[in-house]
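Trainee: Residue-level listing of the chains:
Protein chains: 2
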Amino acid sequence: MASSTLVPVLFHCYVTLVLFSLGPVMGLTLDSARDFLTREEDTIVFSLIERAKYPYNPPAYDPSYLGELGRFGNRTLVELFVRESEAVQAKAGRYQNPEEVPFFHGGLSLPLIPPYNFPKVLYPSAASFNVSQTIWNLYFNELLPQFTTKGTDGNLALTVASDLACLQALSRRIHYGRFVAEVKFRGAPQDYVPAIRAKDRDALMKLLTSESQEEMVKRRVEKKAMVFGQDVTFDKPVDTGDSNSSRASYKVDPMVVYRLYGDWVIPLTKLVEVEYLLRRLN
Amino acid sequence: MASSTLVPVLFHCYVTLVLFSLGPVMGLTLDSARDFLTREEDTIVFSLIERAKYPYNPPAYDPSYLGELGRFGNRTLVELFVRESEAVQAKAGRYQNPEEVPFFHGGLSLPLIPPYNFPKVLYPSAASFNVSQTIWNLYFNELLPQFTTKGTDGNLALTVASDLACLQALSRRIHYGRFVAEVKFRGAPQDYVPAIRAKDRDALMKLLTSESQEEMVKRRVEKKAMVFGQDVTFDKPVDTGDSNSSRASYKVDPMVVYRLYGDWVIPLTKLVEVEYLLRRLN
Numbered sequence: 011m012a013s014s015t016l017v018p019v020l021f022h023c024y025v026t027l028v029l030f031s032l033g034p035v036m037g038l039t040l041d042s043a044r045d046f047l048t049r050e051e052d053t054i055v056f057s058l059i060e061r062a063k064y065p066y067n068p069p070a071y072d073p074s075y076l077g078e079l080g081r082f083g084n085r086t087l088v089e090l091f092v093r094e095s096e097a098v099q100a101k102a103g104r105y106q107n108p109e110e111v112p113f114f115h116g117g118l119s120l121p122l123i124p125p126y127n128f129p130k131v132l133y134p135s136a137a138s139f140n141v142s143q144t145i146w147n148l149y150f151n152e153l154l155p156q157f158t159t160k161g162t163d164g165n166l167a168l169t170v171a172s173d174l175a176c177l178q179a180l181s182r183r184i185h186y187g188r189f190v191a192e193v194k195f196r197g198a199p200q201d202y203v204p205a206i207r208a209k210d211r212d213a214l215m216k217l218l219t220s221e222s223q224e225e226m227v228k229r230r231v232e233k234k235a236m237v238f239g240q241d242v243t244f245d246k247p248v249d250t251g252d253s254n255s256s257r258a259s260y261k262v263d264p265m266v267v268y269r270l271y272g273d274w275v276i277p278l279t280k281l282v283e284v285e286y287l288l289r290r291l292n
Numbered sequence: 011m012a013s014s015t016l017v018p019v020l021f022h023c024y025v026t027l028v029l030f031s032l033g034p035v036m037g038l039t040l041d042s043a044r045d046f047l048t049r050e051e052d053t054i055v056f057s058l059i060e061r062a063k064y065p066y067n068p069p070a071y072d073p074s075y076l077g078e079l080g081r082f083g084n085r086t087l088v089e090l091f092v093r094e095s096e097a098v099q100a101k102a103g104r105y106q107n108p109e110e111v112p113f114f115h116g117g118l119s120l121p122l123i124p125p126y127n128f129p130k131v132l133y134p135s136a137a138s139f140n141v142s143q144t145i146w147n148l149y150f151n152e153l154l155p156q157f158t159t160k161g162t163d164g165n166l167a168l169t170v171a172s173d174l175a176c177l178q179a180l181s182r183r184i185h186y187g188r189f190v191a192e193v194k195f196r197g198a199p200q201d202y203v204p205a206i207r208a209k210d211r212d213a214l215m216k217l218l219t220s221e222s223q224e225e226m227v228k229r230r231v232e233k234k235a236m237v238f239g240q241d242v243t244f245d246k247p248v249d250t251g252d253s254n255s256s257r258a259s260y261k262v263d264p265m266v267v268y269r270l271y272g273d274w275v276i277p278l279t280k281l282v283e284v285e286y287l288l289r290r291l292n
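Those sequence lines, one after another, are chains A and B.
For reference, each letter of the first sequence is one residue, going 11 to 292 in the numbering used here.
For reference, each letter of the second sequence is one residue, going 11 to 292 in the numbering used here.
Just chain A, same shape as in the assembly (with noise of 0.2 Å):
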């Protein structure tokens, strides 16, 4: 057998070798993981539209604010409001779900609870990439101006408490690409395993894309914003988020939230399941 037959060959057997040894991903399918991701949207457009209350308060993220009190490290208060409230979260418990990554892990405390059979989904090798430090520079420095008003209101608190549902409905989002992209890998590993072999980002991007489908995605979140963001009134007709609807009223500009998911939320989510794949076969 000449060995440009023997090749092919091979790849078969190791293909069905990983299949078998990887079996269906308990309780995760394709379709499952879109009904996260769509049950996600509305959680983002809420925390979006919560953080919207507050003006931009720019106190917040001026490290010169508590650095003068000279304790914290040149920390900004949000910052140090993140770092402590994933503190406390961690004790709850948080990050054992493979699904929540923080974005500060130094000085996470041991959970208080016991362990929670979580099911093991992600690859150990793939699991632990992430954009946290992208996801955060993108929110302060693109996002967070473009829906918030000028000002200052004095709200410094609630404002970073918005601020952190905001980032962690979004990290969320954004990491459950691993889940994505293991799920996508055992669904067809023939199709994966070479371009992740030849190291082909383009090839793997290609794969894992399609623009009907993000299309679709970023016209549902537009008109979450416009269902979601409206002033629902006792007596006068709800906004149904058609072509009719005017922008001005709404609490969070819809065309931000289309805009959001199209330029970051999902090249990021598919930038984690291209680096996650990656990772698959290490």
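Just so you know, the hints here were simulated from the structure itself, not pulled from any lab data.
Among the hints, erroneous ones may be present.
For chains that are exact copies, the list does not tell them apart, and a pair is met inside one copy or across any two.
Stated by the list, open to error - Below are the SDA-like pairs computed for lysine to any residue, each with C-alpha atoms no more than 20 Å apart in a straight line:
| # | residue 1 | residue 2 |
| --- | --- | --- |
| 1 | K63 | D45 |
| 2 | K63 | P129 |
| 3 | K216 | Y186 |
| 4 | K228 | F157 |
| 5 | K101 | L90 |
Since the model is a prediction, treat every value here as computed from it, not as a measurement.
Starting from the structure of chain A, add chain B where the hints point.
Mentor: This is chain B only, laid out in the frame that chain A set:
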């Protein structure tokens, strides 16, 4: 002049004095207070929908669950979490804003941030009245089992974080009764002073009650639960919360939200208003 004639004259002088010594509440009107309460409805409905993502998760509320660890005075996970989260939020200055009332006053740290000049609206001797313990008991004993499914999914930290969001939203709404009472009092002290002096709770409750207004609020929050709690899809029409809508598909039963307002939120807000007014002339 007979004493029977003197009394109303003196009373009129007193009322005039009260009016002049107080003046209008800076920036706060009955309309702006109503706008605040209307916006808070969205926050409450969002928070309930978010809590409903998780099942009831009984270990979070079982004092023996952490109590076995011996160090936490037989406290539940949710109590420990709320105490520690309030301590972090106090450091960020949350309770500088008189609209915010913590559930656990003990052990709150001093704010790290400089004081913010929130408008002085509340009458100091009356401002500290609160019903936090009642809200806590109602939320956990009555409300929570009505809108969560039975079971445990291991997400205890996300569960108690969602509980905190619900509790804080309900507390802010109900304790805003102090501001509403102050505005109503300043708008018509001649109506309130006699009942306050007579410690006549029933008369005060009657002055503060508008059944048609309350029914409108209840119908509006029911509609918000329909509009915000539906599954918005790209291609299906939006549920407008009219009488033909099917209740099966909402994330939180709109009737639970209707009753939450009718049985607890509105009565507790009015209780806060009455108790505030009873202390208003101290």
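Trainee: Next step is simple, just say for each hint if it's right about the structure.
Mentor: Here is how each hint holds up against the structure:
{"no.": "1", "hint": "K63 / D45", "verdict": "between (28 Å within a copy, 12 Å between copies)"}
{"no.": "2", "hint": "K63 / P129", "verdict": "between (37 Å within a copy, 18 Å between copies)"}
{"no.": "3", "hint": "K216 / Y186", "verdict": "within (19 Å within a copy, 53 Å between copies)"}
{"no.": "4", "hint": "K228 / F157", "verdict": "within (17 Å within a copy, 30 Å between copies)"}
{"no.": "5", "hint": "K101 / L90", "verdict": "both (17 Å within a copy, 10 Å between copies)"}
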